[in-house]
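Same order as they appear, the protein sequences are chains A and B.
The letter at position 67 of the first sequence is residue 67 when you use full-length UniProt numbering, and the numbering goes up by one with no holes.
The letter at position 176 of the second sequence is residue 176 when you use full-length UniProt numbering, and the numbering goes up by one with no holes.
Among the hints, erroneous ones may be present.
Stated by the list, open to error - Label pairs and their calculated CB-CB ranges: (1) E310/A x A271/B: 19 to 25 Å; (2) R296/A x E56/B: 26 to 32 Å; (3) R292/A x A271/B: 50 to 56 Å; (4) D69/A x A133/B: 50 to 56 Å.
Hints in this document: simulated from the structure, not taken from any laboratory.
C-beta atoms are modelled at their ideal positions from N, C-alpha and C, and glycine is treated no differently.
Spelled out from the first residue to the last, the chains are:
Number of protein chains: 2
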Amino acid sequence: MSTPTAVPPTGRPAATVPAQGAAPSPADTPARAALRRARILVEPSLLGWIDLLPGELRRIARYHFGWNDAAGRPDRGLTGKVLRPALVLSAAEACGGRPEDALPPAVAVELVHNFSLLHDDILDGDTTRRHRATAWTVFGSPGALLTGDALLSHAFRVLADEGTPRAAAGVRALADATTLLVDGEHTDVGFESRGAVPLAECLSMSERKTAELLACSCALGAVWAGAPSERVAALRRFGHHLGLGFQIADDLLGIWGDPALTGKPAGADLAARKKSLPVSAALAADGSAARRLAARYGPVDPDGPPEGPERLTELADLVEQAGGRRWAEHAAAEHADRAASALADSGATGEAAAALAGLAELACRRDS
Amino acid sequence: MSTPTAVPPTGRPAATVPAQGAAPSPADTPARAALRRARILVEPSLLGWIDLLPGELRRIARYHFGWNDAAGRPDRGLTGKVLRPALVLSAAEACGGRPEDALPPAVAVELVHNFSLLHDDILDGDTTRRHRATAWTVFGSPGALLTGDALLSHAFRVLADEGTPRAAAGVRALADATTLLVDGEHTDVGFESRGAVPLAECLSMSERKTAELLACSCALGAVWAGAPSERVAALRRFGHHLGLGFQIADDLLGIWGDPALTGKPAGADLAARKKSLPVSAALAADGSAARRLAARYGPVDPDGPPEGPERLTELADLVEQAGGRRWAEHAAAEHADRAASALADSGATGEAAAALAGLAELACRRDS
């Protein structure tokens, strides 16, 4: 079947990727080494695929990922944490595969993740991400929206590049995860116009919006290594708990994180009345702090003046006094434990297992 | 690999599809019979897949396709022409396959087509489609945008449902067509803020935005029937010319079509300063009509009053006087001829070939 674009061998280094130090640092933990290896392996392949996109979409995608600035000049390179690709590669390795053989799913999950970021930033009206102006603020909403569409379509192109049964199985798994991710985002957007959201609904939303793609990343790595279905399922469960812990940690950062580290304005989640997990836990609590929070957490008047930092600090303090912060820190630690237990069930041992265990710790217990 | 949703056998009839008359009418042309058969075969399968979408996305999708009204009550059913599925099924049949075996690609191309409609309507600000309020006006832009995302992801899920090499090849072809479609839409949006657009750029945009998916539909039908690559290529070429003729005919309807038949407001393309093909051909011409058109076809002042029907009629008359209408009618007929020639190259004979020939005629020579 004729196809309109030439296909680069996945993983072939592109000449224009900024050089990355490949020598391990003595202080590396297995998790940090896995993230660094993922970046080294995935960035050239990802860029090679992005460069197959047509004209203006390529320019917007190169900006979004961090390879170019708004004017198209070289920038500092891939800005994301590459957590999802690292999970794919380490899960493949933990199942006896070679990480470099699992590049197609590693690239594909990063494409889906970034498709969702492009669309989320439009829907949420977020103006900065990773310390840079979001793509829609630079190129307009149509450009960012359509580039997101192209990244999603491209993700399946990458996965199906080899015509094997595992490629088709990968497409199915990634498509299902994407549909749930999109549904989670839709639920999240709907939360903003509601008062309180039951904690169970909020957890279900986070499972879909965040945990599914992380679970799928682990499963894809295992599938690519030819693992039996029980091992795939155990690594999927590992990724699910890692993902929930990750979202909870992210929600904590969204309230108490240092903007210099998170790359997002302080209190943005509170200003948008996000029903994040600490907030939902606080609203579900008894006591005067919870009641006061509920009274102040109604929809924002879009025509009113923007809320000052004092107001956002007051909201954050109420979430903490009502127990939302304590609940979230405990829940994140619990998901880290459950991830460790699923990892043990998977039978993974050695360096790859240590890397996966470390990635779960990093994801769930980030300093907030 | 575990997946979060159960998979319906593609093509299993869903009980809730409104009954459709299956008996052929004596006045049926082969093309109309092919469209009717496509609707009968594809609608239950498509609805079955849509019903696997989660909650609110399913509700929006059911509205968009026409199965439900805005309140969720049964509506008149699938509103689209199902041209793309009909091409898939007839191309498969023309290559010796059974149409019902080609349901996965038939459903997939309709999902991609409708993903693009949902996003286009948001980007273009269109408020009606197929005589109904567009999804974003009913459910809001976030809901329509995310439902579009889910339809795109779902299209690849359907294609990959069988884990065969042809499934992976189908995913690759559909992903490439989708990326080009999205790029074409991006180019089209960019045209609105430009004065004149060279006709060649306009044709290139239409190739990407419209012809690629129609070409891909024909190719997928042939691939599903196990056709050799030369036949696939000939049917792809057939779909390409059908697609260009279709877009030109659509552009003619966008200026001179009867709103009662097109389901769109009269002159909407002119009001939006679309650089459609008749307009670009007119602007590229010599003479006073072309010059007067150029002087009046600058960007619309978004804060100015809406243009009245007299102003839009004046623009349409200038396009006609400058030769834009004549050029387009001639070009559409030429693409119909080239489609017929590619169809002959494909070696297709019999009823399926007659249906394909008729579909090209219908697409390229619609009354404008």
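Hints and how they fare:
1. E310/A x A271/B: 19 to 25 Å: Check failed, 48 Å falls outside 19 to 25 Å.
2. R296/A x E56/B: 26 to 32 Å: With a Cβ separation near 28 Å, R296/A and E56/B satisfy 26 to 32 Å, so the hint holds.
3. R292/A x A271/B: 50 to 56 Å: holds (51 Å)
4. D69/A x A133/B: 50 to 56 Å: 41 Å Cβ-Cβ, so the 50 to 56 Å window is violated.
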